[in-house]
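Undergrad: Each chain is listed here by its residues.
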Amino acid sequence: MIDGFLALYIFMLAAFTGYEIIARVPVILHTPLMSGSNFVHGIVLVGAMVALGHAVGPVEIAIGVVAVLLAAGNVAGGYVVTERMLEMFKSSKAPAGEKKP
Amino acid sequence: MTLPAWVPTLVDAVYFIAAVLFIWGLKRMSSPRTARNGIVWAGAGMAAAIIATFFLPGMHNLGWMLGAIIVGVVVSWVVGRRVAMTAMPQMVALFNGMGGGAAAAIGAVELIKFNVAALAAGQAATAAALLPGADVLAPTLTPVELTLAFVGVLIGAVSFTGSLIAFAKLQGWMDRRFVFPLQRWVNLALFVATLVCGAMALAAAVHGQAFAWNWLVAFFVLALVVGVAMTLPIGGADMPVVISMYNAFTGLAVAFEGFVLQNEAMIIAGMVVGAAGTLLTQLMAKAMNRSLANVLFGNFGAGGGADQAQAIAGAMKPIDASDAAVMMAYAERVAIVPGYGMAVAQAQHKVWEFAKLLLERGVKVKFAIHPVAGRMPGHMNVLLAEAGVPYDLIADMDDINPEFPNTDVALVIGANDVVNPVARTDKGSPIYGMPILDVSKARNVIVIKRGRGTGFAGIENALFYADNTRMLYGDGQAAAGQLVTELKSLDT
Chain A
1 MIDGFLALYI FMLAAFTGYE IIARVPVILH TPLMSGSNFV HGIVLVGAMV
51 ALGHAVGPVE IAIGVVAVLL AAGNVAGGYV VTERMLEMFK SSKAPAGEKK
101 P
Chain L
1001 MTLPAWVPTL VDAVYFIAAV LFIWGLKRMS SPRTARNGIV WAGAGMAAAI
1051 IATFFLPGMH NLGWMLGAII VGVVVSWVVG RRVAMTAMPQ MVALFNGMGG
1101 GAAAAIGAVE LIKFNVAALA AGQAATAAAL LPGADVLAPT LTPVELTLAF
1151 VGVLIGAVSF TGSLIAFAKL QGWMDRRFVF PLQRWVNLAL FVATLVCGAM
1201 ALAAAVHGQA FAWNWLVAFF VLALVVGVAM TLPIGGADMP VVISMYNAFT
1251 GLAVAFEGFV LQNEAMIIAG MVVGAAGTLL TQLMAKAMNR SLANVLFGNF
1301 GAGGGADQAQ AIAGAMKPID ASDAAVMMAY AERVAIVPGY GMAVAQAQHK
1351 VWEFAKLLLE RGVKVKFAIH PVAGRMPGHM NVLLAEAGVP YDLIADMDDI
1401 NPEFPNTDVA LVIGANDVVN PVARTDKGSP IYGMPILDVS KARNVIVIKR
1451 GRGTGFAGIE NALFYADNTR MLYGDGQAAA GQLVTELKSL DT
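Chains as they are written, first to last, in my numbering: chain A, 1 to 101; chain L, 1001 to 1492.
For reference, chain A alone in the conformation it holds in the complex (with noise of 0.2 Å):
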């Protein structure tokens, strides 16, 4: 069980980690990052499998298909988009640089 001040020092160690996480990063890498992290809060999936998994009655059932749909959407997508982005990332060591003699 988490609670009160344990939980405020969750939420405020997390946030310093992202923080820092970005803070130093080249311009190029934002949109993947970007990305990267649309990926990391597909993590709500776990949170929408719970709250089906322990929904009652056709109402909360229903909602919680729909956060499960969701969600899983939202991991899938943000995965390929991210690694399809990062996968274009390679360095100049074979074209382009011999000049004609």
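Keep in mind the hints are simulated off the structure, nothing from the lab.
No false leads were mixed into what you were given.
Far from chain A by the CB rule (all over 12 Å, computed), these chain L residues:
#1 Phe1191
#2 Met1316
#3 Ala1331
#4 Glu1403
Rough simulated footprint, nothing fancy, chain L against chain A, three-plus residues with beta-carbon under 8 Å:
#5 11 to 23
#6 35 to 46
#7 58 to 67
#8 77 to 87
Partial selection, computed: residues in chain L whose CB lies under 8 Å from chain A:
#9 Thr1053
#10 Met1059
#11 Val1109
#12 Val1254
#13 Phe1259
#14 Leu1279
Backbone N, C-alpha and C fix where the C-beta goes; we use that ideal spot for every residue, glycine too.
Got chain A; can you put chain L on it based on the hints?
TA: Here is chain L on its own, set in the frame of chain A:
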């Protein structure tokens, strides 16, 4: 389903490892060399957490759950795979909105559950009997949990509809801006009404009493409307900042609902994203030299050309592709300044082909990227990377600006506002003070442009009228193709 007693502990351990992997993954994503496997680490953590959740005690509706996950994953996966790289920003908006909606829906389920329990004679024992699995979730929520559940619903719902509007705008399904008189006051009234509905329900709930269903429904609907109303008046150029803000919102909503569900992985991942997203939003707003408040409540470009303080003297001077190609072929340094126009024309491959030919001739070529080039910070880098441009040829604004006076030719393709010297000189201009690429300081400037229109911000560009600027009119891809042909013909 009977599971050994140590299973819940194992699930908790998996959540802990997932949280570590998320932070580790994001950390690796913050450097170009390690970025690629960063997402893989985070993905592994996510997969483990999702699988572990199936083994929590007292879970029901597993069929529905599995079905919804499969449908959601497959649809998003296919859409995410198929979509063009230029459309990435709206995809981020869409998937982010889905996360926000999920967080709001979780809050709704928990609040409904609470109210059902509270209605059931207000007796915990009676309530627990009605709710299978109540041994895991407290049948009643503490006042703090209730408050966070409401706040999470509000933020999540706003993020949901707000992101969807942002998606529609970037996708071009919607007019860029939608304004009417007293809009700010109407929005404020909507927001206050939302808070009142939430507070009415909460006031009863914190005393362990049931609230009227109408308050909860009204709260939910109004929160969704607020998200729409907030986003409608914001122009397309500001969308990246807004999407980033909603990304942070979703993170916070996830963290709050995680608290309600007593799920540490959600709290930590949500909060990390909330903080990181907030910082990212600030960085983006700063790159445009505007405050977040200005983005949200300012009326950028509302006056159109009316507040144009200085008339621009001179005329645009055209150039044809062969002259432009010769000019760059015999230059020592060339800076290519791509903008969103290049991406829309799908010209990045042709441009890179052209740059490669220049490099083969010994010309020093660099790509100069403005922080907000494209539709998001770093978006242009992604588009260039897609075309195969190695990232060490790509220079940030701060690195390249001192080099412009020594640059023989600056080739501007589809960029407009980010190279407009008016931002430095004209205090009356709406973009005054925005950091720009000092393209006008280069010895020669060639601008590839479709026509004579203004940029996204609707402001005349003094660069186009400068003495050392030549205009190469045409579609970005066609013009770049011509340059390639002309350059090749030089060698034969």
